[in-house]
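Residue numbers (the working numbering), protein chains in the order written: chain D, 1 to 519; chain X, 1 to 519.
It is worth saying that the hints were derived from the structure and are not from the lab.
It is possible that part of the hints are untrue.
Calculated cross-link-like contacts (lysine-lysine; reagent style DSSO-like; alpha-carbon spacing at most 30 Å) [to be verified]:
1) D:K133 <-> X:K255
2) D:K141 <-> D:K417
3) X:K141 <-> X:K407
4) D:K165 <-> X:K255
5) X:K141 <-> D:K255
6) X:K133 <-> X:K255
7) X:K133 <-> D:K255
8) D:K407 <-> D:K165
9) X:K141 <-> X:K54
10) D:K141 <-> D:K407
11) D:K141 <-> D:K54
12) D:K133 <-> D:K54
Here are some chain D residues the structure puts well away from chain X; computed CB gaps all over 12 Å [what the hints assert, rightly or not]:
13) I152
14) K165
15) R172
16) R200
17) S381
18) S411
A few chain X positions that, by computed beta-carbon distances, are all more than 10 Å from chain D [as the list claims (entries may be wrong)]:
19) L8
20) R79
21) A177
22) R400
23) R502
Just so you know, even glycine gets a beta-carbon here, dropped at the ideal spot from N, CA and C.
There are 2 protein chains.
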Amino acid sequence: MSDRPLVLPFDPAGIVLDRQRGLSQQLYQALRARVLDGRLSSGTRLPATRDLAKVLALSRNSVVRAYDQLYAEGYIESRVGDGTYVSRLAKLSTQLSTGLSRGLSTGLSTFEGEGTEVLSSNARSSEPLQRLKNNHLPAPKSGAPRAFRVGIPAFDLFPFDVWAKLQAGFWRNPSPAQLGYGDPAGEPVLRELIAAYLRRSRGLSCTAEQIVITSGAQQAISLCAQLLLQPGDGVAVENPGYRAAGHTFAVAGGKVTGVPVDDEGMVCQRLEQVANCRLAYVTPAHQYPTGVTMSLARRLALLAWAERNDGWVIEDDYDGEYRYSGAPLAPLAALDRQGRVLYIGTFGKIAFPALRLGYLVLPPRLVQAFSQGRALAVRHSEVGTQCVMAQFMAQGHFQRHIRRMRKAALSRRNVLKAGWPVDVPGLGAMPEVAAGLHVKVAVDNYAREQELVARAEAVGVEVNPLSSYWLEDSEVAVDGRAGLVLGFAAVPEGEIAEALMRLRKAWRPLRGASPLLQG
Amino acid sequence: MSDRPLVLPFDPAGIVLDRQRGLSQQLYQALRARVLDGRLSSGTRLPATRDLAKVLALSRNSVVRAYDQLYAEGYIESRVGDGTYVSRLAKLSTQLSTGLSRGLSTGLSTFEGEGTEVLSSNARSSEPLQRLKNNHLPAPKSGAPRAFRVGIPAFDLFPFDVWAKLQAGFWRNPSPAQLGYGDPAGEPVLRELIAAYLRRSRGLSCTAEQIVITSGAQQAISLCAQLLLQPGDGVAVENPGYRAAGHTFAVAGGKVTGVPVDDEGMVCQRLEQVANCRLAYVTPAHQYPTGVTMSLARRLALLAWAERNDGWVIEDDYDGEYRYSGAPLAPLAALDRQGRVLYIGTFGKIAFPALRLGYLVLPPRLVQAFSQGRALAVRHSEVGTQCVMAQFMAQGHFQRHIRRMRKAALSRRNVLKAGWPVDVPGLGAMPEVAAGLHVKVAVDNYAREQELVARAEAVGVEVNPLSSYWLEDSEVAVDGRAGLVLGFAAVPEGEIAEALMRLRKAWRPLRGASPLLQG
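Bound conformation, chain D alone (with noise of 0.2 Å):
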C-alpha cells in the first residue's frame, strides 16, 4: 500500500474502520480516545496528513477533517513551520488520572447489564431515585386497545376526519403570536371554553381565569403532588383506588394512607386517623376502581375535614361525561367555599389518552402558583393540540362527541350485561352501571380472582383483578381486596360479545369445581 516505510508514533493496526460509516469521524474518536487514554501522548508528533491516509487507505480528506476537529477541540495543535503535535494538556494530567482515566480504564464496561437498575450501587444515590424504585408506577396497558380494558374510551368513534381537517387548518396558517412562548396556564380561548362547559354541564362556576390547561390528568396529579406536599406531609387515597396517584404523591415525599372505601365512598372519619393528613385525593363521581358515588354527607365530611386542618382535597373527575342514570352529584369543587378543593378533569376519556389534555380548576388563590409551577414543568402545553380541541369545542363537534360517546358506551355496557356468565361459582353478578366507562364485579376470594384472570389470560381475554387496586399494606384481609374490574367501551359490541363467548369457556370448567357453591 505504501511505498516507504512510515513511522507512526502508534499502532495504526488498531484503528479498525467500518468502512460503512462516516471515515473521518471515526479517526477523529479513535485519535481523541488515544490522547485521552495516554497512548498517544503529549508532545507527539502525528504524522503528516498525507502519510496517514495512505497508511489506512483513506482519503487525505478524511485525514484533514479528523485533525481540523481534533484542532478545534484542542486536543492537538499545530507549529509554525514545523507540524502537529498531541496538545500539552499538563494543567490536566491530574484530572486526567483522577477523573476520567479511571473510567477509561474500565472503558464502556461500567455501563454494560446496568439498564434496569436504578442506581442501587451508587453510594450517593438521590431520594428522588430512590423513592421512585420503590413506588415503581404499574404502566397502563398500551398498544391497540382490547375488550375490557381499563380506561379507554370508545375512541374507534372519534371523528379524525374532523380532527384532520382542524389540524391542517390551523397549522396551514398560525398565527406568529402563538408560535413562540405561551401562556403556561394554557390557550385562553380553550380555558374560555373548558370554563363554560363546566358551568353548564357539572354546574361548576368557574371562570376561564382559574383553568389552568395540563397535559393529561396524571400532570394535574403531579402538579398537586409537587406544589401542595412537602416530604413528610400525609395523604390520603382511597383503597382500593387509582394506584398511579398514590405513586405520585409518594415519590414527591407524602406518606400515603390508603383510606377504606365503602358504599359511599371515601370513609371520611378516618381522615382524623391519619397522621399530619394534608391532602386527600379522591374519585367522588365514579369512585376508581369501584364505581361508587361518594354520598353528600361525605362530600360535606370531607370539606370539612379540609377546613379544620387546612387541608386540601383533590378530586379527579376522570369519566364525570359517563352518566347514564340519575342526575350527576355536584362536583366537590362546586360545594367548597373554602378555596380547599382542586377539580381535575381530562379530554383523555372523550377523546383518546394519547391526546394528553386535561385541565384543572383551581381555587383563585392558588392560580398564580400552579402556573408557574406548570411554567418550570413544561413552560405550557403544545399549542396546535390546544387550539384544535378550542376549534373543536366551538365548532360543537364536542358536545356533539359526547353524546355519541355515551350512547355508545351504554350500548356496550349493555353487551357486556347481556353476556355476562351467571352460573360460575365464586363470582358476582353484573351490577348496575350508573356512570363511568367501567364495572367492578365481586369475587368470593383471592383465589378464585386469580384463577378467573389466569384463565381468561390463557384465552387471550384481558381481565383486570381488583387486587391490583389496593396498597400493599391494605387492613383488608386478601380475600376481602377480590373482583374483577372491566372497562367496557374500548371495542365495538361484536368483540365484546366475542370476548365474553370466550370467556364463558375458559370459566366453564370452574362450574364443576364447586358444584354446592352454584345457584
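The hints should help you fit chain X onto chain D, whose structure is shown.
Okay, now just chain X, sitting in the frame of chain D:
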C-alpha cells in the same frame, strides 16, 4: 301571580332568577344554599312543585328538575304519600357548624383580592409553594416575534405547509395502537431518529434507548431537578446564566449557587467551593447568554469534578444546530465515560418554541428512572406531535430545514452586525458571532445599560439587559454585570435593519452626553 295564598317555608323573594340562564339549575342552587346554611332546616316540608312554580313564575318542569337534583344529591327526601322534606342531615350538623358555616358566613368574599397572592396568609402554607413564591420565574416574552428577542428562531421560514400535510396525514388514519397510553420515554421511531441525528451531527454515540422525549428543554431540566436533587443539595449554575433553570432547581429544593463564567466558560475550579454540590448545569456549546464556548480543559475538569463528587452534569445544548465557523467541540456527553452527563436538546430552536418538543440523552442506568419520572409527570407527550416530527425527520425535511435556518440566522446576524451603532459611548462593538441565535454586547456600566434599554423601549425596540441574567447575590459588582443581549434570528432582515435604525436614532443623544468617551 298566584290566586291563593301560599305559606312557603322560605322567602321566595330572596330567590332571584336570571331568565337568560338555566332556571332549574339556578333554583337548585338557591335551594341548596338554603339547606346548607340552615335557612331551610332539616325536616322542613317543601312546597309542592306546582305551587313553587307558580310563586316563582317558572314552568313546573323546571321545579321538578331542581327537586330531582336536590333529591339525587341527598339534600331532600320524599316521604311516601306525604311530601318532600329537607333531609335530616343530623350527622352533618357539627361539620356544618365547624366546617362549611364559616365559609358560608363570609361567603365568596374569602377570595376577593386574593387572586395575585400566593397563600401568604396561609399559616400552614406549603414549602414548595413558598419556594415558588421566592423564585419567581421570569416568563419568556410571548406574542409575535420582535427584533432582538432572545430564544426565538426564524420560524417565519418553517415549512408550515409540509407540517400541516403531515399532521393531516397522521390524523386521518391513526393506528389505534397509538391512541391509548404510549411509551413514557417517547415514540420509539422518534427516539431512533434523534439518536441517529445526534450520532451524525454531534458525534454523540448514543442509542435510541438512551433518549427520553420531553415537552421541550424545560421539562428535561425539571425532571433532572425532581429526580436528581433532594432538598438542601447544592446546585451550581453559570452566572450569568439561564435563570429559568436555576429557578427550577431552587423550587425542587436545591441550594443554587452561581459560578462565574470567563472566556473559557464556567470556572470549574470554583465548583469545589459550592457546599454539598450535587449537580452542575452548563451550556458548554454556547454559553447562555454570553455566547462563550467552554474550552476542552474546562470540559475535562467538569467531568473530573463530577466523578470525584458523584455529581451530575446537565449539558443544555439548546441551540447546538447553529454554528457558523469552526468545527463544534464534541459535547460533554460524548466525552463522558462515567455516565455522569445528562444531555438536553430541543426542537424549539429549529422549529418553533410552542412545539414543546425536546429530549434528554441519558446515561443508560438513568433511563428507567427518568422514563418513570416522566410517566408520573405527564404519562407521555402527545402522540401526534411526536409522530409528525418523526415523519418530518425521516423524509429529510428536518435536515433541509436546519440548513435553511442556519443560513437565515447567519444572514440576519450579518444585518445586525452591519447596522450596529459604533459611536455610542459605553456601548461595546458587535463581537464575532460563531454560534447560536443571540449575541452579548458589552456595556460599560449598569446606568448606561439601563439607559440604553429604556431609550430603546421608548422607540418600541426590545433589547435585553445582561444584568437580568445574573443571580441576585452575585459577587460581581453591579457595573460588571452590564451588557446587552440581542437575539438576531426572530425576524427577517428588513425588520432588523428598521429596528437598528430606530435604535441608532434613540441612542444618538447619548453621544453628546459624554463626549470624552467618544472615539
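Tested hints:
1. Taking the CA atoms of K133 (chain D) and K255 (chain X), the gap is near 24 Å; set against the 30 Å cutoff, the hint holds.
2. At roughly 24 Å between alpha-carbon atoms, K141 (chain D) and K417 (chain D) fall within 30 Å of each other, so this suggested pair holds.
3. Of the supplied pair hints, the one linking K141 (chain X) and K407 (chain X) holds, its CA atoms being roughly 25 Å apart against a limit of 30 Å.
4. Annotation: proposed proximity of K165 (chain D) to K255 (chain X) is violated, straight-line Cα distance about 49 Å (limit 30 Å).
5. A distance of roughly 39 Å separates the Cα atoms of K141 (chain X) and K255 (chain D); the hinted pair therefore is violated under the 30 Å criterion.
6. For the hint pairing K133 (chain X) with K255 (chain X), the CA-to-CA distance comes to about 15 Å; that is within 30 Å, so the pair holds.
7. The suggested pairing of K133 (chain X) with K255 (chain D) holds, with an alpha-carbon distance near 24 Å, which does not exceed 30 Å.
8. A hinted pair counts as satisfied when its Cα atoms are at most 30 Å apart, and K407 (chain D) with K165 (chain D) qualifies at roughly 25 Å.
9. Note on K141 (chain X) and K54 (chain X): the hinted pairing is violated, with a Cα-Cα distance of about 57 Å set against a maximum of 30 Å.
10. Distance hint between K141 (chain D) and K407 (chain D) is fulfilled; the C-alpha atoms sit about 25 Å from each other, no more than 30 Å.
11. At most 30 Å may separate the alpha-carbon atoms for a hinted pair to count; K141 (chain D) and K54 (chain D) exceed this at roughly 57 Å.
12. A distance of roughly 54 Å separates the Cα atoms of K133 (chain D) and K54 (chain D); the hinted pair therefore is violated under the 30 Å criterion.
13. Against the 12 Å criterion, I152 (chain D) falls within the reach of chain X, whose nearest CB is about 6 Å from its own CB.
14. A beta-carbon of chain X comes within 12 Å of the beta-carbon of K165 (chain D); the shortest separation is about 7 Å.
15. Not every beta carbon of chain X lies more than 12 Å from that of R172 (chain D), the smallest distance being close to 4 Å; the non-interface claim is violated.
16. Separation of R200 (chain D) from chain X is inadequate, the least Cβ-Cβ distance of about 8 Å not exceeding the 12 Å criterion.
17. Distance to chain X contradicts S381 (chain D) as a non-interface residue, since its nearest Cβ pair spans about 7 Å, not more than 12 Å.
18. The claim that S411 (chain D) lies off the interface holds: its Cβ sits roughly 19 Å from the closest Cβ of chain X, which is beyond the 12 Å cut-off.
19. Even its closest Cβ contact with chain D, about 23 Å, leaves L8 (chain X) beyond 10 Å, as expected for a residue assigned away from the interface.
20. At the 10 Å boundary, the C-beta of R79 (chain X) stays outside the reach of chain D, the nearest C-beta of that chain being 18 Å off.
21. For A177 (chain X), the shortest C-beta to C-beta distance to chain D comes to about 4 Å, within the 10 Å cut-off, and the non-interface label is violated.
22. The non-interface label for R400 (chain X) is consistent with chain D: the shortest C-beta to C-beta separation is roughly 18 Å, beyond 10 Å.
23. At roughly 20 Å from the closest C-beta of chain D, the C-beta of R502 (chain X) stays outside 10 Å, upholding its exclusion from the interface.
When held up to the earlier numbered hints, the structure conflicts with 4, 5, 9, 11, 12, 13, 14, 15, 16, 17, 21 and fits the remainder.
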